[in-house]
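Each protein sequence line maps, in turn, to chains G, Y and F. Using numbering that gives the first Met the number 0, you'd call the opening residue of the first sequence number 0 and step up by one each time. Using numbering that gives the first Met the number 0, you'd call the opening residue of the second sequence number 0 and step up by one each time. Using numbering that gives the first Met the number 0, you'd call the opening residue of the third sequence number 0 and step up by one each time.
In case anyone wonders, no lab produced these hints; they're calculated from the structure. In this text, all values refer to a predicted model and were calculated from it rather than measured experimentally. C-beta: ideal position from N, C-alpha, C; glycine also. Keep in mind that the hints are not guaranteed to be accurate.
Partial list, computed: chain Y residues near chain G (C-beta under 8 Å) [stated by the list, open to error]:
| # | residue |
| --- | --- |
| 1 | Y53 |
| 2 | F85 |
| 3 | Q89 |
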Amino acid sequence: MLQVLIPLTVDALANAAIIFFVAVGLTLVFSVLRVLNVAHGSFYSIGAYAAASLGLWVVSAGLPEWLTFPALVLSAAFVAAIFGPFVEHLLIRWTYGKSEALQILVTFGLFLILEDLQRIVFGVNSLYEDTPMRLLGSTMIGGIVYLNYQLLLIALAILTLVGLKLMISHTRMGKLIAAVVADREISQALGINTNRIFMLAFTLGVFLAALGGALATPTTGVSPGLGADTMVLAFAVAAIGGLGRIEGAAVAAIIVALARVLAIYYAPELDAVAPYLVMLVVLLVRPYGLFHTDTTRRI
Amino acid sequence: MSKPLLKAENLEISFHGVKAADGVNLEINEGEFLAIIGPNGAGKTTLLNLCTGYLKPSAGHVYLDGKQITHLSPRQIAKRGIARAFQIPQLFTDHRVIDNVMLSNAARLNLWQMLSPLDRPRYRDEAMELLRMFNLADHANDLASTLPEGRRKLLDIAVALALKPRLVLLDEPTSGVSAIERFGLMETLMTALRQAKVTALFVEHDMDVVRRYAERVLVWNRGHVLTQGRPEEVFQDQRVIETVVGAV
Amino acid sequence: MRMFLLGLAALVIVAIAGISAPWLQFLLSLAIAKGLAALGVAILLRAGLISIGHAMFFAIGAYATAFLTRNGITDFVSLLILSTLIATAAGVVVGAFMVRYRAIFFAMLNLAVSMVLFSLLSKLYNITGGTDGMRVARATFFGIAPGEQTFELIVFLTSLVVVMLVGFAVSAYFRSPLGEALKAVHTNEIRLEYISIPVWGVLLVGYTISAALAGLGGSFAAMIIGHVLPEMAFWTESGHLILVAVLGGIGGVAGPFIGAIFLELVHTFAASFTDAWSMIVGAALLFVIFFLPSGLYGLINKKRGGSAV
Ligand SMILES: Nc1ncnc2c1ncn2[C@@H]1O[C@H](COP(=O)(O)OP(=O)(O)OP(=O)(O)O)[C@@H](O)[C@H]1O
Ligand SMILES: [Mg+2]
């Protein structure tokens, strides 16, 4: 029994790690900018394409294979640097303080554009580049084989969670972000350059999404349509955790990944639907997610 | 004395550990005109929120005609005859002034009537009558968002009265209205209330208004009732002078 | 009144165009079918709600027609009515869940449900034909099976009649207390509750009507194209509907139809030299938002509702 259960759990956690990167980016951007970026999933798939392309180039150029590791992070940073400030400045900034409906329309428009852009730039074929996973190999403990790359993913996700928390509570920038999240108007009145915070937070969000995509490529590859699927999945996870809650995203990512693994094991045809079933059940009980704190409007 | 129309018993609620209602008791009798005064942040609006189901008390109960309404929603409570006008007018800003009143009238319609046009002579006349009473007739076809602050306040009250309630809760009806117009507004309001035989509770900051129109005054401070009684008695009370009258 | 005349004029022009140039009939009927669904999206926009998954009801209407045809119901009118009823029922069920949500959650949950439908339609090969979709046999009219050209003409003319009826019905709905209350949901839900009008009821009626319209459009589309595909439920289709609805905000009830015809013409034209259709739709959406904000039903305004104490 354990022979099956443990690898399954590791699978689920590795999966949760990937989902966590995207969902936490979405939730972070939402909590700081108060904008739900419908195009967030596209940055995941762009990150995945960029990583796969760069990895394939590293290999084909005959460079040392270990370079594929930094290539993963590098491509995510590259995507964040290109898209983050640019998109925030050109589109998102214009929607601050406007109705949420408008924010949805604008980011949805961006999403439509980005999805086609990927098709044009990267084509319609799937890319597959698994050098990092091959290089790391596997470990055998107590008769069970673990893929080291999966363990690395889990470790990275935990590091990211802890890192984000520490950044917010201990660094100057983090404290500024926390202040803007708590009360935007007062922060502005205190002279905090909120525009700079918004741009940084958005770029960080793009980076996390792209990193998720990049880290996923060695295990799953990348193919068209990934952006939309990821967006809805990331939203489901963020919603289950409570939109804007970092630790909520972590917990929800694990729940969703476990549900998915269970579905693959017991009812394979429900694999794709499992996260949404979880979301439905959670939202029926807690309409705004597990970690949501109640706020009624004052009248 | 007639029986209480609305009764609140030991209401308690706190925000972030600060008690905005701390064992509040309150009775309003049929046909009465009761005023609530108290300094800013005393919890007056919170009390109205509790009585109309917008907030749920952590302890205590609210009764209408002796029946529990504590756990009903604002909509169910409104249906049972309690209307409310807000401290900050709550209007349908994308609708015309008259639509605001007609929609409130429409709440009484059945499903079939809900599907026929709202803007019909019969509903229009009914709404215009109310608008005329509040000197809003000239603005009937303006968008509600274009009304000046004082008139929004009036419209908000008109919308509440259009429900034909038995009890109306008014949150500072004269705030935002210029000092000169204040008594005119109060006269209008009193006439309307008497005509429709509506009981009223109003939160008020203007002591002259309270002195002139209230039959009974409830003095509120830090989430509880400091004292209550007839206006002339209450305004003699040293504690009241310190906390409320002096502060205004 | 001006809107009404505008709509009527547009209808007459479309009718003349379709009758004098039969090759346009297919395109125009299809545009009208999508216009119906976009009108559904526009109804929700009045309440300030954006559904980015509304193509699901279009697909439900279309697949309903395909299933019914396969099961021996071939009468055109019956197919339209039954498919619309099925989409309506779906609208009630999904709507009952959706009406508690606003803004972001509303938009995203609609997207999520539509993606679930899309993946079910593409995966349940034995029932839905998977990614190949299903063929829809040509419908009959009161027992008579017409030839292809007659069929296209009849469908075209019927769609015009339906547009007119729907136009009247929807504008009557907008003017009724229920429709006015729908608009009021956007500006002040709290006041609505306080005048004892149930917000959820108002929204559920609006949602159901919008689903019914999308289903009606889908049923038309299934018969016009003669084939249904999972892509009908895909989010790009929903995006298309939103663009048309937003474009249509400029022209009242007739707006979505004018927008749909305009977009279908552009699509046909653009398809000959580019396949980046989503990109064009997305860019057009941003263009409308930034440069023609009158098409936005007042969505530009600051946040909903009143302010703090
Ligand atoms: N929804 C809420 N969330 C948090 N705190 C609240 C909320 N509503 C009221 N409060 C707090 O409760 C206290 C009482 O507020 P309330 O609005 O009832 O006072 P008030 O007597 O109506 O004051 P004012 O005269 O300024 O209208 C205040 O300290 C206020 O900040
Ligand atoms: Mg108050």
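So, going through the hints one by one against the coordinates:
1. Y53: This interface hint holds because 7 Å falls under the 8 Å limit.
2. F85: holds (6 Å)
3. Q89: holds (7 Å)
Every hint, counting from the list given before, is met by this structure.
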